[in-house]
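Protein chains in written order, with the working numbering: chain A, 1 to 309; chain B, 1001 to 1481.
No lab work stands behind these hints: they were computed from the structure.
Mixed in with the good hints there might be a few duds.
[What the hints assert, rightly or not] Listed next, with one range per pair, are the computed distances between beta-carbon atoms:
| hint | chain 1 | residue 1 | chain 2 | residue 2 | range |
| --- | --- | --- | --- | --- | --- |
| 1 | A | Trp109 | B | Glu1319 | 32 to 40 Å |
| 2 | A | Arg103 | B | Ser1132 | 30 to 38 Å |
| 3 | B | Glu1319 | A | Ser290 | 51 to 59 Å |
| 4 | A | Glu13 | B | Phe1031 | 47 to 55 Å |
| 5 | B | Leu1071 | A | Trp109 | 47 to 55 Å |
| 6 | A | Arg108 | B | Trp1012 | 48 to 56 Å |
[Unchecked claim] Computed footprint of chain B on chain A, listed as stretches where at least three residues anywhere in the stretch have a Cβ under 8 Å from a Cβ of chain B:
| hint | segment |
| --- | --- |
| 7 | 84 to 97 |
| 8 | 100 to 114 |
Heads up, the beta-carbon is just placed ideally off N, CA and C, and yes, glycines get one too.
Spelled out from the first residue to the last, the chains are:
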Amino acid sequence: MIVCQNLSKSYGEHKALQDLNLTLEAGDAFGFIGPNGAGKSTTIRILATLQEPSEGEAWVGGHSVLSEPDAVREVLGYMPDQFGLYEGMRSWEYLEFYAAAYRVPRQRWKGLIDEVLELTDLTVKKQSFVETLSTGMRQRLCLAKTLLHDPKVLILDEPASGLDPRARIELKLLLKELSRMGKTLLVSSHILPELADFCNKVGIIEAGRLLASGPVNSILAQASRDRFRLRIRVLQKNQEARQLIEKSLEADDVAEESDALVLSTAVGLEGQADLLEKLVRDGFRPVEFSQLKTDLEQIFLEVTQGITQ
Amino acid sequence: MKFLHSLAGWSWNNPVTLKELRIGLRERRIFILQTVYLCFLLLVSLMYLPNMFVTPNSEQLAERGKEFFFLLFALQLMLLLVTAPALTCGSLSSERERHSLDMVLASRITSGQLVSGKLGFAAYCLILLLASALPLASICFFLGGVTLWEAFACYFELFLFGMLAACVGLFSSARESRSNYATVQSYLLVLASSFLIPFYLALRFEDHSSTHVTLGPYFWTFNQVWELSVYHFFVGIAGYLISFLFVKARHRVRPEARNLNAMAGLFLLLYLFCLAWAAGLYSLAYSGSNHTDQDPLAVLIYLAHICFVGFFLNPGQLESRLEQQRFRASPFSRPLFWLGLCVLGCLAPMGILKMLALKQDFSVWNLTFTLFFLGVYPLSVRFFQRAWLPRWQFAWVYYAGLVLLQFFPALGSFSAQGSYWRMTFVSPFSTLFSLADWSGHRPYNDREEIFVLAIGFHLLLMLVLGAVYRWRTRRPPQSVA
Ligand SMILES: Nc1ncnc2c1ncn2[C@@H]1O[C@H](COP(=O)(O)OP(=O)(O)OP(=O)(O)O)[C@@H](O)[C@H]1O
Ligand SMILES: [Mg+2]
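Work out the full structure, taking the sequences as your base and the hints as a guide.
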């Protein structure tokens, strides 16, 4: 559904995007993660035919963004990171404008508008003026507008920014629902837990380069294959235990987290068992020795290096 | 069919116009504008009315009616020029400021639809303003003196110039990303061109003394041929500028090859219009006489060529590779096309003069060669610019220098030849030639020979520059899959 081939974009000397390759199948939900200024919005704007890549090519729904932009716009629903609604319009008028903009046949406008308002839980606000809506409602109205022409591909740039936790969960449910309806989703965010839930693929981008991408599970597995994150807690004598642990696990990033030690290590299960045995033998009293599940946040921190452009 | 479809999308079926109307008519702005507009008109008419009915003579009464109508016309023209840019100068830039433009551009609205939608809103507002002032203007119909056709022509013009001012606002709005800048810019543009208004109005307030000529679709009576023609010229140029600014604004919203083609096409239309205008003027002014002063014609076509150079030197940037390819595929991107056009353009005045059976003498050749050089100069400048100059602004300086050189009187080696050398070109070659002349060597004595040599020199210059350009841009073009 979405194919990017050696996508690059430079602003003068500055390379905002370099050789991005990406392939998404129909029905994929792709989470696009990266720190500020990584090039997420740039990629998304290229896919939405708002910018032209300096090099490379991209296809959305089988249409090239370079040579058939109008066909791309037809299959694509785009929600930018910053957006303004038209003040002085009612919600349904706003939606009607976009229904006309996407050339939806006039007789279907009314039904469709009711449908998307229902889906985004805005039915009660149908007659309200746009400027009277709260931030979260605006976000949902914008999403409703994006869904109007029933696009096969949805590209959302940081849809959750500015939402309260409850609205965020609701948005997540809505996106899950859309994904279940068979739409291809590309969602960028820097809030990671939000993506892990409904994405089946993620890509991590930093300084214009895609550092890792693929199915969530395989990325998680890949990252945790040879490194373990452990949480160890002993009663008293934490400091002495720490020295022992650092030595035998060759860990240099031991951190204290409410009486417990959290660390990552490349030492395998054998070595860990040895350590536990040694701790007991040396008179420490371990109450916790557990392996932490690697999550997206962890991978993100490991893969990226904090380069900012 | 396709054209009709897009026309429908641009005009009555345009979602952008509907949106603008919904927002605009809910605001208080339009109504305040209308109130101020009407109050101002009313105030002036109240000051004028008392001395309107004092004359018993019906002929004088008609004269008063006419005066009053023209007064309203002039006032409305001025008011429209002030209000119309306000209707559009924030239309695109404010969407940029509010970050709502991206979503519109990512939808299936075409750039033409977007721009014409904004313009459509301005058109509705202008019609609203004009219609609301209609009852006031109808007072003069009681007095007589103004025919329906005259009134119709006046309202048509008011609308036309209002739209022109709106287009100026739209263009600045499409250029700038800040509404403040766009507002300032559009008002500066309108102000800068407002010195033309008195000239334009003077055509209307002239007293009836000399010959009356009725011509054109306006059934208007004018005193002199010249005024009539200037009037037509104003209207024609306004039409051209409206379409030109529209296309420019569309190009700013989304740079596309077809905009460049449209601009070239519009230029050609302007060119034809100027020729037809000149022919009309000549046939009216000089029919029967054997007057051979071609200066007005020369100046006119000279102006047209300068417009053409404006397109030619800076055809607008095309970032998109696809659009670049498209533009390269069109005839307008080919120097040969423009060269052909120049040659035709140079032949045309001769054809006109011949057609009108005016006396021809050598000055026609003069003119022709002048025009030829005005065509060839930009071509050479274009090559020069693309081969060597880092910025197109330098090319303008270079071009201006070349043009100025043509009027450089100090090189007066030709001054002895008589007054019709005024318009003669002075090319770099002939400069060299006159230098040689001064230094005592005089290799050539014949004007034609100079012309031929100078043309040869320029063609050679273009050839060399073209070759350099080719050589400097010889990397293989990237293709779009
Ligand atoms: N119009 C522009 N001109 C110059 N540089 C730009 C422009 N737009 C973006 N950039 C640069 O491109 C890089 C990528 O920007 P982009 O907006 O894609 O980042 P992002 O990943 O969306 O960041 P964020 O999470 O903050 O939204 C940045 O370094 C930015 O400075
Ligand atoms: Mg961004």
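Checked hints:
no. : hint                                : result
1   : Trp109(A) to Glu1319(B): 32 to 40 Å : 35 Å, holds
2   : Arg103(A) to Ser1132(B): 30 to 38 Å : 35 Å, holds
3   : Glu1319(B) to Ser290(A): 51 to 59 Å : 55 Å, holds
4   : Glu13(A) to Phe1031(B): 47 to 55 Å  : 52 Å, holds
5   : Leu1071(B) to Trp109(A): 47 to 55 Å : 49 Å, holds
6   : Arg108(A) to Trp1012(B): 48 to 56 Å : 21 Å, violated
7   : 84 to 97                            : holds (count 8)
8   : 100 to 114                          : holds (count 4)
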